[in-house]
Amino acid sequence: MTFLDYFASNWTDVADATLAHAVLVLQGLGLAVLIGVPVAVATYRTGAPRTAVLGFAGLLLTIPSYALFGLLITPLGLGTGPSVVALTMYALLPVLRNAVVGLRALDPAVVESARAMGMTRPRVLLTVELPLAWPVLLTGLRVATQLLLGIAAIAAAVNGPGLGNLILDGLASAGTPYAAYLTVEGCLGIVLLAVVFDLLFAGLNRLTTAKGLGA
Amino acid sequence: MTDATPGTETAERPMIRLDRLAKRYPGQAQAAVEELSLDIPEGRIVAFVGPSGCGKTTTMKLINRLIEPTSGRIHLDGQDVTELPVHELRRRIGYAIQSSGLFPHRTVADNIATVPRLLGWPRQRVTERVDELLTMVGLAPATYRDRYPKQLSGGQQQRVGVARALGGDPQVMLMDEPFGAIDPQNREALQDEFLRIQRTVRKTIVFVTHDIDEACRMGDLIAVFGENGKVRQYDTPERILAEPADEFVAAFIGSGAAVRRLSLTRLDALDVPEWPTVDADADPERRLAVARAQDREYCLLLDADRRPAGWLPTEEADTEPPSHFPVFSTLGPHSTLFDALDLMLSADTSTVVAVDDEGRYRGVLEMDTVRELINGERTAAGHGRLQEA
Ligand SMILES: Nc1ncnc2c1ncn2[C@@H]1O[C@H](COP(=O)(O)OP(=O)(O)OP(=O)(O)O)[C@@H](O)[C@H]1O
Ligand SMILES: [Mg+2]
Chain U
1 MTFLDYFASN WTDVADATLA HAVLVLQGLG LAVLIGVPVA VATYRTGAPR
51 TAVLGFAGLL LTIPSYALFG LLITPLGLGT GPSVVALTMY ALLPVLRNAV
101 VGLRALDPAV VESARAMGMT RPRVLLTVEL PLAWPVLLTG LRVATQLLLG
151 IAAIAAAVNG PGLGNLILDG LASAGTPYAA YLTVEGCLGI VLLAVVFDLL
201 FAGLNRLTTA KGLGA
Chain D
1 MTDATPGTET AERPMIRLDR LAKRYPGQAQ AAVEELSLDI PEGRIVAFVG
51 PSGCGKTTTM KLINRLIEPT SGRIHLDGQD VTELPVHELR RRIGYAIQSS
101 GLFPHRTVAD NIATVPRLLG WPRQRVTERV DELLTMVGLA PATYRDRYPK
151 QLSGGQQQRV GVARALGGDP QVMLMDEPFG AIDPQNREAL QDEFLRIQRT
201 VRKTIVFVTH DIDEACRMGD LIAVFGENGK VRQYDTPERI LAEPADEFVA
251 AFIGSGAAVR RLSLTRLDAL DVPEWPTVDA DADPERRLAV ARAQDREYCL
301 LLDADRRPAG WLPTEEADTE PPSHFPVFST LGPHSTLFDA LDLMLSADTS
351 TVVAVDDEGR YRGVLEMDTV RELINGERTA AGHGRLQEA
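These protein sequence lines are chains U and D, in that order. Residue numbers are given in the numbering used here: position 9 of the first sequence equals residue 9, and the series is strictly consecutive. Residue numbers are given in the numbering used here: position 316 of the second sequence equals residue 316, and the series is strictly consecutive.
None of these hints come from the bench; they were simulated from the model. This structure is a prediction, so every number in the text was calculated from the model and none was measured. One should not assume that every hint holds.
As the list claims (entries may be wrong) - To give an idea of the chain D side of the interface with chain U (calculated C-beta under 8 Å), a few residues: (1) I97; (2) P104; (3) T114.
C-beta: ideal position from N, C-alpha, C; glycine also.
Please build the complete structure, drawing on both the sequences and the hints.
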């Protein structure tokens with residue numbers, strides 16, 4: 001049986017796992033944005049708090065992924081819960097750092113003008129600072145997504161969803177005739193998702209970056 | 001010296017009053033602004049000028065509370081600025097800065113519409129206002145309305161910056177070296193254009209610059225800042241150039257003061273000396289009589305409307321028809337002594353005929369007259385701009 005024959009026999013499983021993988025990554029990313037952007041907004045003008053927050057997020061990224069997923073079983077049990085939380089923790093640094101960098105790189109004269117014209121603080125943030133920082137933040141999201149796509153495969157180890165299950169099954173049945181096919185399917189699914197997400201981000205970037213910005 | 005409005009004979013209503021204002025940045029030994037009291041009269045341009053780091057920008061930003069003072073009070077139109085919510089105060093004060101600070105992600109029209117929208121103007125009125133302002137700053141609305149700032153030249157961005165500052169029709173404008181990033185030639189054009197706009201809008205303007213030439217051009221009044229935001233002299237450009245209050249001011253004005261004063265003195269503010277004149281259609285005896293009665297080499301021929309018609313050589317005063325040389329160098333009332341000197345040098349002549357708006361003879365300026373004015377041997381009858389306004 002060739003790889004293609006094998007794929008024809010289980011492609012629905014692969015499709016389901018791919019979809020679940022994408023959803024898992026998006027959940028982690030979404031939570032990271034919900035936490036990271038407000039934290040960035042709250043700390044980017046400060047000195048020590050910003051350094052501390054970025055340092056902490058950086059620390060999270062250094063925890064070996066197997067260990068992190070495992071450690072989360074105790075408080076969160078098995079399945080989707082610990083998987084999403086672990087992915088959120090990994091995505092935090094790229095999201096947070098790019099949001100801070102984007103906000104801090106703004107032309108001070110632009111922000112000062114906004115204040116000097118009588119915009120309130122929330123208005124400056126929502127209509128000037130965040131739209132101007134958006135391209136940098138979006139780059140952070142793109143990087144975080146690529147990072148999470150790979151790490152999300154570990155979720156299978158804590159009974160989480162996604163393509164990791166194919167890879168894990170393949171590894172578990174090593175030695176049987178088609179074991180490698182399963183693992184290859186899992187990896188190809190991740191590569192496919194990486195390409196699709198990248199295209200999506202490129203499109204999003206083009207659609208949402210204000211015309212006055214960019215090259 | 002600093003707490004009255006100088007140079008104006010009638011007391012003018014102060015639009016901005018700085019009252020013993022001080023600003024000390026945290027962790028700095030020296031105060032950036034110290035005990036500053038200054039009245040800025042309504043409808044005037046007051047130029048803040050001084051060396052780098054002397055507190056001009058700080059003082060300006062205290063007015064719209066971008067910076068909060070350490071002590072002292074600021075009154076805007078009689079009201080303490082701290083009595084208003086800060087964003088309402090700022091919507092009443094136009095703000096234009098050197099780097100323009102335009103929103104790069106918004107079109108020119110949206111940039112200019114910022115304050116009108118914050119003020120809740122109806123859409124139709126905002127659109128009209130944007131087009132009106134674009135026209136005012138010399139940009140065709142149809143061409144520029146939908147452009148983004150990066151699609152404009154530096155000078156055009158600066159114009160949009162000024163238009164945006166005027167957006168909400170504020171009483172007061174704060175301008176921090178608004179033309180500082182523009183090359184000298186275009187800067188002069190922008191300055192002239194802005195003065196033209198100011199003649200119609202009559203805002204009260206604080207204009208920060210470190211260039212004494214620009215201060216003299218733009219300011220109805222000039223405040224010369226020394227270190228620590230201390231105002232060394234607050235007076236009209238003419239008086240600052242003629243009578244610097246102390247050595248610091250004199251040094252800051254520099255050596256070109258005499259020439260600068262020339263460009264501040266308009267011919268209509270001068271008693272232009274008389275010159276022997278004779279009607280062009282007078283008979284030869286009359287011409288000869290006039291010519292003999294004076295010791296100049298030439299008399300000035302005037303036509304029936306008293307317009308200069310030619311120079312009549314004294315030696316040939318009675319030839320018929322009168323032989324004469326054409327008058328090349330005449331200057332109207334809005335020209336300055338600088339223009340007169342410039343004309344004398346470039347046309348290689350020692351006399352310039354001053355005429356009124358209709359081109360009628362007023363008198364003749366000589367190189368010597370200009371020299372006497374430079375040296376202060378003769379005083380101008382008055383100094384032009386404040387009276388004119
Ligand atoms: N945010 C700040 N924190 C601390 N010190 C400041 C700050 N802003 C300005 N200063 C100091 O206050 C003094 C006055 O600064 P200011 O910007 O008002 O000068 P300026 O007259 O506008 O100078 P320039 O012509 O160079 O623009 C300077 O000595 C400067 O170093
Ligand atoms: Mg300054």
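field: Hint status (Cβ of I97(D) to nearest Cβ of chain U, threshold 8 Å)
entry: 6 Å, holds
- prompt: For the hint on T114(D), does the least C-beta distance to chain U fall short of 8 Å?
  reply: 5 Å, holds
field: Status of the P104(D) interface restraint (C-beta, 8 Å, chain U)
entry: Hint holds; P104(D) Cβ to chain U Cβ min 5 Å, cut 8 Å.
Going through the hint list in order, the structure satisfies each hint without exception.
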